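Visitor: Sequences are here, hints too, so could you generate the full structure?
Sequence order for the protein chains is Z and R. According to our numbering, the residues represented by the first sequence are 1 to 333, in order. According to our numbering, the residues represented by the second sequence are 1 to 315, in order.
Calculated from the structure, these hints are not laboratory results. In this text, all values refer to a predicted model and were calculated from it rather than measured experimentally. There could be a bad hint or two in this list.
Some chain Z residues near chain R, calculated using beta-carbon distances under 7 Å [as the list claims (entries may be wrong)]:
| id | residue |
| --- | --- |
| 1 | G115 |
| 2 | T118 |
| 3 | A157 |
| 4 | Y188 |
Residues from chain Z shown here face chain R by an in silico Cβ test under 8 Å; the list is partial [stated by the list, open to error]:
| id | residue |
| --- | --- |
| 5 | L20 |
| 6 | P23 |
| 7 | Y26 |
| 8 | T27 |
| 9 | I34 |
| 10 | R36 |
| 11 | P65 |
| 12 | S89 |
| 13 | V93 |
| 14 | L120 |
| 15 | W196 |
| 16 | V254 |
Note that beta-carbon positions come from the ideal geometry of N, C-alpha and C, so glycine has one too.
Read off the chains here:
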Amino acid sequence: MTTQASSASQTSDERVLHVLEFPGGYTRSTGPVIGRFLTGLRSGRIYGVRTPDGKVLIPPTEYDPVTAAALGAADEDWVEVGPAGTVTSWTWVDEPRGDHPLDRPFAWALIRPDGADTALLHVVDSGSKAAMATGMRVHATWRAERTGSVKDIAAFAPGEGPAEVPVLAGEAELEPVSVVTLPHRLEYRLRGGTVWNHFIDGMAVGQIRGTRCAACGKVYVPPRGACPADGLPATEWVDLPDTGVLTTFAVNNVPAAGAPEVPFISGYVLLDGADIAMLVLVSDVPWQDVRIGMRVRAVWVPEAERTRSVKNLKWFAPSGEPDVPYERFEEYV
Amino acid sequence: MRDVAVVGFAQSEHSFSDLGWTEADLVMPVVNEVLETTGLKRSEIGFTCSGSNDYLVGTPFSFVAALDTIGAWPPIAESHVEQDAAWALYEAWVRIQHGDIDTALVYGFGKGTVGDHVGISSLGYDPYYLAPLVPGHVAMAGLQARALKDAGFDVDPDPTAPPATDGAAAVILAAGDVARRVRARPAWITGIDHRIEPHSVGARDLTRSDSARQAAERAGVGSGSGAVDFAELHTRFDHEEVLLRRELGLDEKTVVNASGGPRKADPIMATGLIRIGEAAARIHDGSAGRTVAHATAGPCLQHNLVCVLDSEGQD
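Guide: Written as structure tokens, this is what we have:
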């Protein structure tokens, strides 16, 4: 899992809101079978795919779940089903989420469209739980704007129909659906515990804090609760100077959230007295002049502007001291 | 097949609110405890395998941070499954069958208290037909509960989710003589199997679980010498016990989830491994001769693992 964008802000109860999101959503190719089904939905039609033993699967799959036979290669393997069908199971939702298909109480239901042998998961807009029953008849209602998504079906409504499909402007010119994007956004409420709180307290006053392993004596920064070499608690606190040596770096030509304008330099700095290099930004120096072994010092935001955040440490800049020979830090590269 | 036993099990004191625990905070105590109870050193572990899920805390590669607790330097033989650690245990069991190592450490951890479970579980569903609708795990369970109710089972058709939980668990597996050396009464794995069904819940008969039945048959639940005294089932929803009892062939005499089960604590990604640990602990302490553990993954019991544990080895 990778985060394209993530933001954090303090909430009133000391927990931090952490948002994990891909603003545009994951982009996925559909392949021929799923693409054909979604293209059908865009036209306001529900298609199932026929298996060699004559079953009609909805939603269609690329392979028969029983025999693993490839499905959907021939036109005659595709069967229009529905638009009415039968509820085979359901469950009620009193409080819809913002990302649910309906903004009022509804039922999730498994709906077997007429002519199909399996059921589609979708929503039934029945108005009340009392109106729901296994075996009830429902029909698809369609969105006016359809894009080739399972959400092109707005909902299923009780009864046989009519199944009116709003005309989609310019449909004749549209290419078959071959790609879908799924928005991706999750929220977390995190509490900084254990070593993190003490580290961030240091950051608030411009002090970098590490932890030392009692067994092997190694100093880790940012601090960690366990020594990765021994697997034992590393809980002794060490105040580290904000000077060190650049052990390696990269020149970045792609903009990144939180980084200065491109090109910017990210690098590993081994702080004096630490046993692990810390990933930081390097700035206040032309990128052509950055070199491995360069002595650097932290640049902090002015005291008056400091918050309880790692953002207090803006970046590292050359300290002007002579370079450090490679042999002195090769163990840490 | 080599005789392999669960020789150690530890689980955290699970929390139902976020205490700010990091991956290392969750995992280290149980790893240290399980090593201590077996007397094995970190350097004596032949293989390490873990189970976790990055979406639970929204941290990419969160399992890497947990490696701090196992002493991964100098380099060790290690693997990870992005699912419940019961499947990490299965991988470790297979790894020991290769014959060149005798021990494996398995752990799983989950921080369930900080995230949005409906959103997280939905992102685990297929991205074309299910995830865009954001049904979530509770609604999926509701569809199965309703199907069982309609089929005449005495179940609540409106299931509730177990409490969000932070926690971890660790197990040590050992083969043959090593197992006998480190544990007076090893819990021998006499059968282990897992089977999976189509992801689409509308393509399945939700009143049955063919995968659970097949896994149970192949693991030998019904073919052993003695009765099953205790079963630990990965039942996050009450109605699942009714279904699993039938598919696993457990009768009324088998005590299910004496530990309290996932309904009491559900540290996702460790919950299934804990079932194996609890079932083994009943053999370790002499209160059972033969037990069964079950783990599940996917919507409506899609993927099921069954493990049979016995106080007597096969040799």
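Visitor: Is the interface hint for Y188 of chain Z satisfied, with its Cβ closer than 7 Å to some Cβ of chain R?
Guide: holds (5 Å)
Visitor: Can the hint on W196 of chain Z be confirmed by a CB-to-CB distance to chain R that is less than 8 Å?
Guide: holds (7 Å)
Visitor: A closest beta-carbon separation below 8 Å is what the hint needs, so does V254 of chain Z meet it against chain R?
Guide: Violated. Min distance 18 Å.
Visitor: Should the interface hint for G115 of chain Z be scored as holding, given a Cβ-Cβ cut-off of 7 Å against chain R?
Guide: The hint is violated - G115 of chain Z has no Cβ within 7 Å of chain R, the shortest such distance being about 15 Å.
Visitor: Would the hint on R36 of chain Z stand, with a C-beta cut-off of 8 Å toward chain R?
Guide: violated (12 Å)
Visitor: So, L120 of chain Z near chain R? Judge it on the closest CB pair being under 8 Å.
Guide: Constraint on L120 of chain Z satisfied, holds at 6 Å.
Visitor: Given T118 of chain Z was flagged as interface, is its beta-carbon under 7 Å from a beta-carbon of chain R?
Guide: holds (4 Å)
Visitor: Given P65 of chain Z as an interface hint, is the shortest Cβ-Cβ distance to chain R below 8 Å?
Guide: holds (4 Å)
Visitor: Are A157 of chain Z and chain R close enough, Cβ to Cβ, to be under 7 Å, as the hint says?
Guide: Where the cut-off is 7 Å and the nearest Cβ of chain R is about 16 Å from A157 of chain Z, the hint is violated.
Visitor: Hint L20 of chain Z vs chain R: min CB-CB distance below 8 Å?
Guide: holds (4 Å)
Visitor: Let me know if the C-beta of V93 of chain Z comes in closer than 8 Å to any C-beta of chain R, holds or violated.
Guide: Holds, about 7 Å.
Visitor: Given Y26 of chain Z as an interface hint, is its Cβ closer than 8 Å to any Cβ of chain R?
Guide: Hint on Y26 of chain Z: holds, closest Cβ of chain R at ~7 Å, below 8 Å.
Figure legend: structure checked against the earlier numbered hints; hints not met, in rising order: 1, 3, 6, 8, 10 and 16.
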